[in-house]
Amino acid sequence: MDALEIARWQFGITTVYHFMMVPLTIGLGLVVAIMQTIWYRTGKPEYLRMTKFWGKLFLINFIMGVATGIVQEFQFGMAWSEYSRFVGDVFGAPLALEALLAFFVESTFLGLWIFGWKQLKRGVHLACLWIAVIGSVFSAYFIIVANSWMQHPVGVEMVDGRPVMTDAWAVFTNNTALVAVPHTLFGALAVAGAFLLGIAWYHLWRRRHDGIDVVGKDGRLVPGEAAIPGRDKSDYTVWMKSLRIGAVVAMISFAGTAITGDLQGKLMFEQQPMKMAAAEAACHDGTGFSVLSVGNLGATDCDDIVAVIEVPGILSFLAKGDFTTEVKGVNSLLGEYKEKYGTHLPDNPLYGDRAGQEIQYVPVMEVTYWGFRMMIGFGGIAAFAALLALWVTRKGVVPQSKWLMRLAVFGILAPFGANAAGWIFTEMGRQPFVVAPNPDMNGIDQVFMFTAAAVSPGVSAGELMTSLVVLTTIYAVLLVVEVKLLVKYIRGGVASAMPELAHAHGGKDTDHSDKNDAGPDKSGDDVLAFAY
Amino acid sequence: MELLPTIWFVAIAVLWTGYLFLEGFDLGVGMLMKLFARNNTDRRVLLNTIGPVWDGNEVWLLTAAGATFAAFPLWYASLFSALYLPLLCVLAALIFRAVAFEYRGKVDSERWRNRWDWAIAVGSFGAAFGIGAALALTTTGLPLNANGDRVGGPMSWFSGYALLGGFGVVAFALVHALAFLALKTDGEVRHRARRWFVRLVPVAVLPMFGWMVSVQFLSGKPWTWALVAAAAVAVVLAWTLARAGSEGRAFGALGAFIVCSTASIFGAAFPVVIPSTLDPAFNLTISNASSSDYTLGLMSIVAAIGLPLVIAYQSWTYWVFRRRVSAAHIPEAHGFLPAIAAKVLISKDSPSASNTTGD
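Protein sequences, first through last, are from chains E and L.
Residues 20 to 551, numbered by the numbering used here, are exactly what the first sequence covers, in order.
Residues 1416 to 1774, numbered by the numbering used here, are exactly what the second sequence covers, in order.
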C-alpha cells in the first residue's frame, strides 16, 4: 500500500473508533444530567441511584473518548501536512476554539462533578455536570463546523493558492453544519437510548429470572427483594424507569435524525450531487429510489448496475421535496466533474507518484450505497424495537424470554452501527476530494483539494504503517478492556456505583432519609468524596 | 514586525508555559507512582492529588496544538509531520496514561493495579519526554526543505537537543511534582516529598538549563539571557524556601522557574518558529508560517475572552480541592457484590446468582 492509502485507513479506523465513544459520551451525559436534575428536584432515591449507575458507565466510556480524541487533533499535522497547510487558515480556527471553549469546560467541570459530590453544594454540583455536558455539545458543534467546511467550503477567498477566511460568520453558520450538528446530536442520543434500554431490560429480566420479581394475577409486576445489596424494591424502579427513558429517547432521537437527515440529504443533492448519486447507485437521471440494486457497485463506471427494486418518485422527494424532478445520475455528473475539475491529477510534486493519474470521481459505491442504507436501517430498527419494548413492558413486566433479552442487549449495537455507517458514507462519499468543491461559490470554485494531494510528503509509508499498526493494536486492546469493565459494572448493578449501599445500611437506603447526601459517610471528612 | 503573528507567537508560548506548569506536576506525579510511592495507599494519595485536575491540565496541550494549527498552519504541519514517530509515542503514552487513571481502581486486584501503575508511570514519562523533545527541536531546528517537509528519513529529526529537551521536561516534571505533593498532601508523603525535592532540585533543572542556554547561543538576545539568570534565581529560591519548610512558596518559585525558562526559550527563538538545519532560507517564521490577519484577529478576540475564563474556572477548581490529601483520607477500596454473577449472555445459565463475590 502506498502512503496515501495507509493514511486513509488510519484516519478511517481512528475516527470511526473515536466516534464509538463520542456519541455515548454526549448522549449518556445528557441523560445522566437529566436524571440528576430530577433527583435534585424530587429527592427520590431511585434517581440518585440512576445518576450514580449510569454516571459510572458514562465515565468508563468518557475517558476513552478523551484518550482517542488527542490522536485526531495530532493526526492532521502528522499524516496530512499538505492538507493542514492548505486549509489551516480556515480549518484550524474551529479546532482551536473547540479546545479553548469546549474541551476545557468539559474536562474541568467533569473533574469537579466526579470529585465534588461533597465539596460542592448540591445545586452547584449539578450545574457542573450540565456545564460539562453543554461543553460536549459545543465540542460537537465546533468539530462539525470544521468537517462541514470540508464538505461545503464557504466564507473564503483564494490567496496565493490557499483559501483564506474572509467571513467567519459564513464558516460558523455553514448550512451544512447547521443541519449536521442536530443530526449528530440526535444520533448520539439514539446511542444512549438503546444503551439504557438494553441494559435496563437485562436487569429487569434477570430480576424475574432470579425470582425476585413475580407477576401478579392482574398481569402486573410485584417487585421483591433479594439479599444482595442494591437488589431491593427500589432497584426495580431504577431499571423500569431507565428502560422507559431509554425507549423514549431512542424514539425521539430517531425522529430527530430522520428529519435532520432529510434536510441534510436535500442540501447534499445540491452541494455534493455525486455523493448522493453514489448513495443511490443511481447511474442514470431519474426519480426512483433504489430499494435494492445489484451489479458491480465497485466499478468506476455504471455499466452493469441494475436496480432490482425501485420506487418511482421517492428519490426526487428526497432530493427536492416533489415526486417528478429528475435527479442527475452518476453518468451525467461524471461528465460535469471531468469538465470542471479535470480528468487527470495535475503534474505537481505534491501528488508524488500519483501525479498525472486519472481521477476517479465516483466514490466506492459499495460503501456509499450500503453505508447509506445501513445508517437508515440500523436507526430504524432501533427505534422500532424501542417502540415494541415500550408496548411489551406497559404493565411493568419484562418477558422471561432469554432470546428477547439477548436481542435487547445486542440491540445496543444498532445505533452505534448507524453512526459509524453514516460517517463512513459521508466521508467516503466525498472522495476523491478531501475538500469538496462548492458548486455555488461564485468565482472561487477552485477551493477544493484532492485527497491525493493532502498526505504528508515527508512521511514515509513505513512510518504510516507503524502508526497504523500501533494505534490499531492499542485501540483493539483498550476496546476489550472497556467492554469488559462496562460488563463488570453493568452486572454489578447499582451497588457497583454506590458501594455505600452494600457497606452502610446493610444494603438499604431508606426512602428520603438521605436526600441531601450522596453517601452515608458524613464523618466530617470532606477531602475525598470520591477517590481513585 | 507584524503585530498579530507576534501576538499569536506569544499566545502559543503562553499556552505551552501553562501546559508545562500545570501538566508538569501531574506528569511528574504519574512518574512518581513508580519512583516514589511505596505502597498502594501512597499511590492512591498521589493519584487523588491530581484526580480532579489532570484532564483539565491536559487540555492546555490540545489548545496549544490547536492554536498552532489555527495561527501558524505551516508550523503545525511541518513540526507534526517531521516528528511523526516521536509524536506517535506521545500519543500512545497519553492514551495509556489517561485510561489508566480511570481504570486503575476499577478492578480490585494487585496485578490489575500494577499494570495500570506502569501505564501511568511510563505514559507520563513518554509524554513528558516526547513533548520536551518536540519543543526543543522546534526551537533549535529540524532538517526541513523548502516546502517545510522533513528530509533524511524517519529519524533525521534526532539531535542532542531532543535529549536535552526531553530530559529537561522529564526532570522538571519530577521535581515540580515533588513540590506539588509537598503542598497538597499531608503526613509521611508530604515530608518525604519535601526532602526529595530539596535533594533533587539542583540536579533536576540542569538539562532544562542546557536547552535554555543552547537556544541562547543559537539566537539569544540580551533580555532572554536575563531570563535565564532569572530562572536560576527562581531555582535557588525554590530550594531555599523548601528547606525552610515553606511549601507553597517553593512550589510558586519553581513555577516562576518554568515561566522564565519558556519565556527565555521562546523569546530567543522569536521570530523563527522552526529553524531549518539545511538552509536558513527555509526557516519557518511568524511571517511565512502564519494565518491571515483576519483569522488571527478573530482568534484574538475569542482568546481574549476565553483564556481568562479558563484560568478563572480552573483556579476555582484548585480552590475547591484545596485541602491536603493524606493516607487517612483514602477510603477503603471495596470490591462490590455483583447483582448478577453468571454470564448469561455468553455461557450456560447458572441457577443462582446470589453468592459470588466480586473479582
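Each hint should be verified, as a subset may be incorrect.
[Unchecked claim] Per the computed footprint, the stretches of chain E lying under chain L, defined by three or more beta-carbons under 8 Å from a beta-carbon of chain L, are:
1) 101-107
2) 178-188
3) 246-256
4) 465-478
5) 487-496
Derived from the structure by calculation, the hints contain no laboratory data.
Keep in mind that this is a model prediction, so the values were computed, not measured.
From the three backbone atoms N, C-alpha and C, an ideal C-beta is built for every residue, glycine too.
Comparing the hints with the structure gives:
no. : hint    : verdict
1   : 101-107 : holds (count 5)
2   : 178-188 : holds (count 5)
3   : 246-256 : holds (count 6)
4   : 465-478 : holds (count 4)
5   : 487-496 : holds (count 3)
In this structure, every one of the numbered hints holds.
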